[in-house]
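Enquirer: Sequence:
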Amino acid sequence: MARDARLSARVGVCVTMPEDLLARVDEILAGEQRLKIEFDEADSPEQLDLLRTGALSFGVMRVFRDEDGLAARTLADRPLGVVLSPDHPLTGHCVLSWADLADQELL
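Numbering (my numbering), first residue to last: 27 to 133.
The hints are simulated quantities; they were obtained by calculation from the structure and are not laboratory data.
Certain hints may be false.
Stated by the list, open to error - Label pairs and their computed distance ranges (CB to CB): (1) 109 with 59: 38 to 46 Å; (2) 107 with 32: 15 to 23 Å; (3) 59 with 117: 48 to 56 Å; (4) 67 with 105: 17 to 25 Å.
Cβ coordinates follow ideal geometry from the N, Cα and C atoms, glycine included.
Build the full structure now, drawing on both the sequences and the hints.
Expert: Below you can see the structure in the form of structure tokens.
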């Protein structure tokens, strides 16, 4: 029986990752079948911890700031939406910036 000579890589993905982006990640990393990809579900903060310990080779997540010791690259730039209660002070704004959301609790 022949051994699988490909290198393996563990990739962290958020549970909310769109399937087309997951397929794109697989295509980029394993496109020429040099890497055997294993996907692990983990939220963004957990992925950052796993990357720092070496438990993950790559992480696919939303990163909002630079992280010491890690390099980030943009795979896709997708619009984000904000859901607010009707009485929230920002409800009347048509467009929100990150500065508008700086003091808000984000989920």
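Enquirer: Are the hints correct? Go through all of them and say.
Expert: Here is what the structure says about each hint:
| no. | hint | verdict |
| --- | --- | --- |
| 1 | 109 with 59: 38 to 46 Å | holds (41 Å) |
| 2 | 107 with 32: 15 to 23 Å | violated (39 Å) |
| 3 | 59 with 117: 48 to 56 Å | holds (50 Å) |
| 4 | 67 with 105: 17 to 25 Å | holds (24 Å) |
Checked against the numbered hints listed earlier, the structure breaks hint 2 alone; every other hint is satisfied.
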